[in-house]
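Protein chains: 2
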Amino acid sequence: SYPQKNAEILSSQYGINLFLAGLLLMFAWAVHAVGIRKQDLLSYLITIMLIQLLWMLWYICRSYTQRRLIQEKDTHAGARWLKCGITLFAVITLILDSFKIGYFIGFSNCLSATEGIFPVTHAVHTLLQVYFLWCHAKDIIQSFKTLERFGVIHSVFTNLLLWTNGVLTESKHQLNEHKERLITLDDQVPECNCTTTLCSIFSQGMYYLYPFNIEYHILASTMLYVLWKNIGRKVEHHHQHKILFKFHGITVGMIFGLIVLISTIAVVVVYLIQMGRSKIKSELALTMFYLYGISVLTLMCATGIVALLIYRLEERSMDNSKNPARKLDADLLVGTASGSWPLSWGSILAIICAQSHPKYTWYNLPYSILVIIEKYIQNLFIIESILREEEKVNDNIKTLRIGTVSSGSTLSLTPSYKEIYTGAADMDNGKFPYMFDGNIYMRERSGGDGFDEVRSQASSPVTHSTSNFSLYSRNSVNNKRRILKNIAAFLFLCNLSLWIPPAFGCRPEYDNGLEEIVFGFEPWIIVVNLAMPFSIFYRMHSAASLFEVSCKT
Amino acid sequence: SYPQKNAEILSSQYGINLFLAGLLLMFAWAVHAVGIRKQDLLSYLITIMLIQLLWMLWYICRSYTQRRLIQEKDTHAGARWLKCGITLFAVITLILDSFKIGYFIGFSNCLSATEGIFPVTHAVHTLLQVYFLWCHAKDIIQSFKTLERFGVIHSVFTNLLLWTNGVLTESKHQLNEHKERLITLDDQVPECNCTTTLCSIFSQGMYYLYPFNIEYHILASTMLYVLWKNIGRKVEHHHQHKILFKFHGITVGMIFGLIVLISTIAVVVVYLIQMGRSKIKSELALTMFYLYGISVLTLMCATGIVALLIYRLEERSMDNSKNPARKLDADLLVGTASGSWPLSWGSILAIICAQSHPKYTWYNLPYSILVIIEKYIQNLFIIESILREEEKVNDNIKTLRIGTVSSGSTLSLTPSYKEIYTGAADMDNGKFPYMFDGNIYMRERSGGDGFDEVRSQASSPVTHSTSNFSLYSRNSVNNKRRILKNIAAFLFLCNLSLWIPPAFGCRPEYDNGLEEIVFGFEPWIIVVNLAMPFSIFYRMHSAASLFEVSCKT
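Chains Z and L, in that order, are what the protein sequence lines are.
Oh and the first sequence: position 415 is 415 in the numbering used here, straight run, nothing missing.
Oh and the second sequence: position 306 is 1306 in the numbering used here, straight run, nothing missing.
To be clear, the hints were calculated from the coordinates, so they are not data collected in a lab.
It is possible that some hints are incorrect.
[Said to hold, decoys possible] Derived, one-sided and incomplete: chain L residues facing chain Z with beta-carbon distance under 7 Å:
(1) 1007
(2) 1026
(3) 1033
(4) 1339
(5) 1341
(6) 1349
(7) 1351
(8) 1384
(9) 1518
(10) 1520
Note that the Cβ used here is the ideal one computed from N, Cα and C, for glycine as well.
This is chain Z alone, in the form it adopts within the complex (with noise of 0.2 Å):
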């Protein structure tokens, strides 16, 4: 038999070739390499797309015909509101498909075949990939792990191609509008005329849905990868809430949040208007934006701040199963922060060295600072959150024993202790069958940490007085619990909105200017366009990971 940890690193690194062969094209047709088309780049990406196709679709059949062998789910893996996300960024690609199409059928005389081929094969890829992850994101595979786990890490890496592609498509529409500012234009329109009307509504509308189709892709590889992660996996069964999204508990979080958003876009639709139209009017919304940003993130600062605070008065241990999952999501806050702490490091430096201060250069110093401290604390939050034993748990099982040594009957105090839980307790309702089976449930939390120890606790001579007490210290938990949900759910908010400006086209790093003559016009265009994708995709992440947060806090 082959050992696993081989399989894995054969897999990982024909994935990564693949990724580079991409990469390496891509970069050739960016930088307009002598004999590379267009169309090459296209050809490459329909290929591997038609691969991973074939691939899903072998996989589906087989686990149709074969039920049996897929038995273990990881509960952790593909929760429900990430497939609801995956499924809505899918819809706006697919209309970013259509569009496509459309563009390639009014400029069909002169476009090549693969303009049109491409979007046909990533609209049915989408479609496909969006079924095969409802149905298959949780599986645990166990069979033919070799060949799976070509199949996952060829999905990994074609939609972080993708990814890529996207990204670069984007970059180099970003940079051609900011040169287009700067006099020069050198975007690249087809040699015939379009034979439709809807060309320039295909054309110009395409690029305010590229930033669904990025968060799209980088989204379904994240999820493949958690599947790759799990094959062959031993599991131990955790029953995982079901979580449920209620407004109830975090108005406070989500009425602060929701202003922050409303002026969000509407400083990102002044910022758009008023760039580029004359000095003064570009300072001012340099200047606007800069304030807006300053003040956002230092509320997301302290309330950060708070939140870890917070947690610091609360002991409570930290969840050290292995989850590849959870994981990913720690180490993917701390990459992305890190791809895109760069841009604000090159503002700073460029700040400090610069020869000439126009005055609406040094709101970007405090910006710029803003956001690596902002990233830096929010991370830690995050993590925190992310890695800490869920109390409820254990909350129950006192509950129950409690309930048993002082009436003998849980069926009898339990609700009575619902309703003192307000917001918590609430959530249980989709377990308690389990707690009744006190089998079943043994088995299932046998592989937690915790556990023994929380059960010698409730094992340990219980009297009313006891429960008494933890009545009281209950309701300050319960209270620090409300001030964590609605900073999480705040912060969640913050991030969507911090997310837009750099997804649909603010580029302040472009606009000032000064990076620009500090660095120079090319290096810096480099700097941006490798830092902003990770910026734009953090932002998403850590909205994704604080949502998950504010649910299950």
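Given chain Z, put chain L in place with the hints provided.
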């Protein structure tokens, strides 16, 4: 108490930012950003080195006064050969520093003071760091977690920055040499005359020492990283075999390896002399280099495949115990190989797309493909070797049990077994004392996964016939092991050989000119300068790993 995971994130984010700030500074200097001079960069490096110096002094003093705090040691970390390697590189680095000081003295009229302070600080830093690594690389720090984490991660990223600085200086030099051949000269020569006669020796000699300086820093930072990863870890006590390097039994591998090594040196010398003399001589040198590369790589691929096939014949379970040092080794191999692959893919793409193909460029295609395949196979081999459970421990238990059952006395039988297990058992001498103290041994092995299984095997009734049978099967195992040992030794020398050409300035990627034409000069330089450091580091790191493999097998 602060949760460990958070302390990890807190410190790693600090380190990443320290690194990124320095990286941006270096980038700014490299692209001749306005207002950023070399002394700014050097001042930053001096500052962080001084901080690390202070921290190391504090740590060393504290560990002297409070010896009891650090009791645990990670036996896998900081192997002796690693320490010896780093000492060797450090000594050459000190020579480099003295060259730099001499160069500064010669040109002191027109160089800023930082250019003199930097090598002095660096020399002190090197001395103390080597001492620190010798004494403390195996420490598992359990106290003052957060403060020590910050210190260690600071040291990791300081070394990484010094590594980047070395790489940058070296790349600039290579690029200048290349440009020099392309007529234009851009080297920054100081604007005053040298006051001593040794200046040209210093400035020329420096670049032959840089490769060692670069290796020194990357090795130091990996060792420090393992130290960082070990903070707060709970180790299962494994008894680690002292790794002794013995020439006996690997003569064949060594001979072939030395042939490769010598021919490499010859090829590099001829290449460097011939290149740039005339068009024909350059082309001949390139052809020679590619042919040499193709034959060496083919040999390496073949031996790698043989080794993997032997592993497939021989069933042994993988060691799944957690171990930062080993995990880092595997990650670094795959990571640095991935970093170097773009170079090969770039060449492949260039050959496919180029419009004219001089004859020698065709050799580049198999060469580049073989580079990819060779790293692919070699990684599989090394990682499987690293992760295999060490067989010797189990053997010894069996020996002990068989001995006990058959004659009631271990002492009388062990010597005769020792004669049979020629190569392998000799190495076990160091741990025989443990075998007689059953209690200690059991306690120490209690963490190992495969142990219970072995014990149950060993406890089953063993007769004389069983021990006779095991002698026959052992011979075949021994043969396999000898082949593997030879392969590892051969690959070790091959990797050392392949480290030489890029480290000492063979740049066929520049010299063959093809990629430059296809990608353009600037883009291709970016690819080479990003990928080359990984390629060089990959060779050194895989050589180090293979050395360990050949000792351990």
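Check the structure against each numbered hint from earlier and tell me which ones fail, lowest number first.
Structure breaks hints 1, 2, 4, 7.
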